[in-house]
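**Student:** With these hints in hand, go ahead and build the complete structure from the sequences.
Chains as they are written, first to last, in my numbering: chain A, 22 to 264; chain B, 22 to 264.
Everything labelled a hint here was simulated from the structure, so no lab data went into it. Predicted model, so just to flag it, every value in this text is computed and none were measured. Hints may contain errors.
[Claimed, not checked] Partial pick of chain B residues on the chain A-facing surface, computed with a CB cut under 10 Å: (1) Glu52; (2) Asp106; (3) Ile107.
Note that CB positions come from ideal geometry on N, CA and C, so glycine has one too.
If you want the building blocks of each chain, they are given just below.
Protein chains: 2
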Amino acid sequence: MRYKCTVQYDGTLFHGFQTQPNLRTVQEEIEKVLYIITKDNIKIQAAGRTDTGVHSLGQVFHFDSSITMGEWNMQNALNSRLPKDIYISKVEHVDKTFHARYSAKKKEYHYIIDIGEYNPLYHNYRYYVKHQLDINKMIDASLCFIGEHDFKAFTKNHNLINTTRIIDNIIFIQNDNIIIIKFIGNGFLHNMIRIIVAMLIEVGRGRKTKEELIEILEGKDRTRAPKTAPPNGLYLINICYNI
Amino acid sequence: MRYKCTVQYDGTLFHGFQTQPNLRTVQEEIEKVLYIITKDNIKIQAAGRTDTGVHSLGQVFHFDSSITMGEWNMQNALNSRLPKDIYISKVEHVDKTFHARYSAKKKEYHYIIDIGEYNPLYHNYRYYVKHQLDINKMIDASLCFIGEHDFKAFTKNHNLINTTRIIDNIIFIQNDNIIIIKFIGNGFLHNMIRIIVAMLIEVGRGRKTKEELIEILEGKDRTRAPKTAPPNGLYLINICYNI
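**Tutor:** Right under this line is the structure:
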């Protein structure tokens, strides 16, 4: 029996999604609870990793179990045992052709910037930027990332063979002091969104131009895009399996 | 020189406001930074304590120092050294007649209840209630607390001589699944708001009546009001010094 689960988490107190020795991760917490429920050492397979501090409202994983439980029962069994910073929002029975990672068609991430006065209650949930930002320049510069590009300059991982990804859309929403940047694409490299956000902020501050961003993108040199926006503003919103 | 400071904090990782040995508290963090700035062992005096997990958007404290700094400079000196879950939102020079605790005329607290689906991103900031609540019954029952009453049944602290307080107003605001209950009064006993909220939820669930609440209030017996709503839904919003 294959189960597809949608999981929300507050990334603040996790060392990311993926299991790491001696560190608290989302995967390990879920697998511990699955062991309690099924008495089997189940390994879950997620759509992708998220880093320390990155939040999720729509991460997806699947796992197989010989135990047959109703969707609702499995959801309750998980949520009643999981720590409060993880919540399973949906469980579905799926057939064996479904794979959380390989079946994923699109991913949606949001990045939240706050240019207003600092509020310590949101310090884990927004990136506070103290500078004036020219949002129209940022929107214009973001266009250079849309489409299929080799994002080699925009990732931490230098050993990847294929660093080409397709970004379908980058959407800006401003509401008073909050700027939400929505990214929709077929996949994102490690730190890619956070580096793009950092570069867009440089443009908004007037320290970089759109032309310089195009140069960096085409130059494929990570040292030209040295900044990375903090993880706490980043949210994995949705994994899309059907188009 | 007397300084009046307004301080916001995320109560999640503090063992309340007031200094306690070997525990992380808001007071200790602020006094450590004041020592760095002034090289004096300054004790701050707050308007009141808050418990572990209770948040603040408007706590006030004062302190005296022989060092004269501009209001803006003092605010920056503090904020640049304080941890990210504390933020000084205002510093004012005041004369020696001002006392953060004794000069306080009114205090305002908000309590946030969420009756919608659980979201782990808000788990430290709202009280999730899984039951249907009849908000009109809660509003009606809240009226019995308004005015001057002996709140002996509604506090954890049994050794207080004077347990009489005046609640000016209790205001309910509902927005979709969020219920905010605003309390304004001359002061609140230890756990008083959280016990009142727990009792109002009992009324909203149909497990207690307004008449029973009046009986408990008049009976002055804490064992009749045994529940306490969790601290993470509670916010100290404002201390009012001028009326």
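**Student:** Could you run down the list of hints and mark each one as holding or not?
**Tutor:** Verification of the supplied hints:
1. Glu52: violated (18 Å)
2. Asp106: Hint on B/Asp106: holds, closest Cβ of chain A at ~5 Å, below 10 Å.
3. Ile107: Interface hint status for B/Ile107: holds (6 Å vs cutoff 10 Å).
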